[in-house]
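2 protein chains.
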Amino acid sequence: MSFSQQYPSTLLQHAVNEMSRLPGIGRKSALRLVLHMLRMDPNQVDSLAGSLSQLVHEVRYCRVCHNISDVETCAICADSHRDAGMVCVVENVQDVMAIEQTQQYRGLYHVLGGVISPMDGIGPSNLEIQSLIERVQAGGVKEVILALSPTMEGDTTNFYIYRKLQDTGVAVTVIARGVAQNDELQYTDEVTLGRALLGRTPYST
Amino acid sequence: MSFSQQYPSTLLQHAVNEMSRLPGIGRKSALRLVLHMLRMDPNQVDSLAGSLSQLVHEVRYCRVCHNISDVETCAICADSHRDAGMVCVVENVQDVMAIEQTQQYRGLYHVLGGVISPMDGIGPSNLEIQSLIERVQAGGVKEVILALSPTMEGDTTNFYIYRKLQDTGVAVTVIARGVAQNDELQYTDEVTLGRALLGRTPYST
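Quick note, the sequences are listed as chains A and B, same order. Going by my numbering, the first residue of the first sequence is number 1, and it counts up by one from there. Going by my numbering, the first residue of the second sequence is number 1, and it counts up by one from there.
Keep in mind that a hint or two might mislead.
Note that the list lumps identical chains together, so a pair holds whenever it fits in one copy or between two copies.
When the alpha-carbon atoms are kept at most 20 Å apart in a straight line, the in silico EDC-like pairs for lysine to aspartate or glutamate are as follows [claimed, not checked]:
1) 164 / 134
2) 142 / 184
3) 28 / 91
4) 28 / 167
5) 28 / 100
6) 28 / 95
7) 28 / 153
8) 164 / 128
9) 164 / 79
I should point out that these hints are in silico values taken from the structure, not numbers from a laboratory.
Go ahead and model the full structure; you've got the sequences and the hints to work with.
Below is the structure:
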């Protein structure tokens, strides 16, 4: 058995190769996962495999907010109890789910699909920015809330969107930046702490 | 949108549910992996899914050593340059791969498929122990090397196999236990250090 031919089976090797393409899964983890599947009911593995194939082939995106959806207009956009005058701009699905979890927001969303990142070759045309502008220009939106990550890429994207929207008359706001709940002040970085001081608000109970 | 209905798509939710059944993959990791797949070429995802299904349906085990194999007798067992008089008993495929990596062993293997663990409901009959005994009784094996993990379950399994083989006349050995390469002595646990002292060997260069 040569040194390079380390897997005892090409089927096993193929499955490990495929699994280890996924982010955060190295070859050892992939092998562990694949060997676990061999101890599972084969029908369960088929169900897992089928669900992945089905997702990538049948996934749809909401025509309004571009979030992942099973139908043409997602449940949030179709909900008449939500405030259609507010649009919260987020990077991805996880951000929508995180904001929904807070139960503090009753408006709609706009999922960009990323942020502007020249290093990764992602420009405004790769994101759902034009569709956001058209959505605002179509009328009915009073406020656009920018809720991107407070990174350089997020800030760049915020600025780009702000410039594109500034002539439309819509209010553009950005989520508050400051010290996070339960963070210890002494370990908070200076940019965050500086912003938290500048952005101070009247004390209320 | 109710609190429980947190995924924006049932296809997405189904894929996340299936992925998060795998060991060490929580719901957040599963979501991250599944969303990554949505950015992959769908053919690559089909290839991943297909390789998993194919593996669990078409996997074979070597009829001699019970390691995963594409053919009836695996490449190691079929290799006439290897010493068929030595059989190294290991728990699983990964252990075979780890020993092969050392390039220090030219004998054959016997893959038990686990260790005796009453807590997990795994007894001798759930493992390839009877086939090991029959393999030794069939003749040709001179030494059985026990290379199980140095845990209570591994020790129990070693003892069980030793008792079963003691009347066959085959030599039963166990891999050396001692301090690991590059371990700092002061941080080595007392059982390991005690065994390393008891198992000392004449100094040689």
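### Message
For residue 28 and residue 100, with the copy left unspecified, which applies at a CA distance of at most 20 Å: within, between, both, or neither?
### Response
between (36 Å within a copy, 15 Å between copies)
### Query
What label fits residue 28 with residue 91 when the C-alpha limit is 20 Å: within, between, both, or neither?
Only across copies: residue 28 and residue 91 sit 16 Å apart there, 32 Å inside one copy, limit 20 Å.
### Message
At most 20 Å between CA atoms: does that hold for residue 142 and residue 184 within a copy, between copies, both, or neither?
### Response
neither (37 Å within a copy, 65 Å between copies)
### Query
Quick one: residue 28 to residue 167, C-alpha cut-off 20 Å, is that within a copy, between copies, both, or neither?
Cα proximity of residue 28 and residue 167: none, with 54 Å in one copy and 39 Å across.
### Query
Which holds for residue 28 with residue 95 at a C-alpha limit of 20 Å: within a copy, between copies, both or neither?
So residue 28 and residue 95 pass the 20 Å test across copies only (12 Å; inside, 31 Å).
#### Entry: Identical-chain pair category, residue 164 with residue 128, by Cα at 20 Å
within (13 Å within a copy, 69 Å between copies)
### Query
Is it within a copy, between copies, both, or neither that the alpha carbon of residue 28 lies no farther than 20 Å from that of residue 153?
Result: close neither inside a copy nor across copies, 33 Å intra and 23 Å inter.
### Query
Is the C-alpha distance from residue 164 to residue 134 at most 20 Å within one copy, between copies, in both cases, or in neither?
Classified as within; 11 Å inside a copy, 78 Å across copies.
### Query
With identical chains treated as interchangeable, where does the CA-CA distance between residue 164 and residue 79 reach 20 Å or less: within a copy, between copies, both, or neither?
For residue 164 and residue 79, neither the intra-copy (28 Å) nor the inter-copy (70 Å) Cα distance is at most 20 Å.
Figure legend: structure checked against the earlier numbered hints; hints not met, in rising order: 2, 4, 7, 9.
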